[in-house]
Each structure stands twice: as structure tokens, then as C-alpha cells.
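**Student:** Can you make the complete structure from the sequences, with help from the hints?
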Amino acid sequence: CSSDLEWQRMEDLQPFREEFAYFWFDKLALRTSWKEPDWDEVWANRIQRAVPVRTVGHWTEFRDDALQQHFYYNEQSRTPQVENPFGEDSRDLRKTEHSQVGAESIA
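Heads up, the final residue of the sequence shown is numbered 107 in this note's numbering, and it's a clean run with no missing numbers.
In the DMTMM-like style, the derived pairs of lysine to aspartate or glutamate whose C-alpha atoms are separated by at most 20 Å in a straight line are: (1) LYS35 <-> ASP12; (2) LYS35 <-> GLU18; (3) LYS35 <-> GLU11; (4) LYS35 <-> GLU6; (5) LYS27 <-> ASP40; (6) LYS27 <-> GLU41; (7) LYS27 <-> ASP38; (8) LYS27 <-> GLU11; (9) LYS27 <-> ASP65; (10) LYS27 <-> ASP12; (11) LYS35 <-> GLU19; (12) LYS27 <-> GLU6; (13) LYS27 <-> ASP64.
The hints are simulated quantities; they were obtained by calculation from the structure and are not laboratory data.
**Tutor:** Here you go:
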């Protein structure tokens, strides 16, 4: 969802012209744009500024201090997302990581 990123789609309830009813707002840079952001570029920048927290399988959890939230990146599919792919609180990810590492080392 774009509201979880720095860019948010906003609506002007009384636009001068109908084509200006919607615009984009960058809550980090405090700027606006009529053009939808290039999401690939937004995610690439976010990955660069974030700190990797841990890796489980193909997933890496990152901490984005600018937005004060965690997000996840799948190295195999090259897919970023804000939803925890394990459906858990990120604090529980450590339990998943340890059990997966243990299972991989036994095999």
C-alpha cells in the first residue's frame, strides 16, 4: 500500500480543475507531484537507506528509520513489501529464523 511508503496519494476536495483532484505527497521530503512516483525507484532508494535486520530463506527484513517501520524484500522474486511474509509480529521472526536455520543445518 502506498500509504506505508513516503509517497501518499492525496485528494483535493475542491480542485480548481477535475484533473487536479488527485496528487502525490512525499511525506519525507515534504513535496508534491502530479505524476505517480516510480515505485521501482522508490523501493530501490528505500532499500539503500534501510538497515538489514535478518534474513530468513529468500526474505530479508529491513528497518527503515526514516519511516520508523520494517519492510521485507524477497531476493528470489525481487519483491518488496511492508506486510510480514510470515504473518507474524516482526519480533517473532527471530523464532522462525532460528528454527529454519536449525532445520537447514540438520539437512
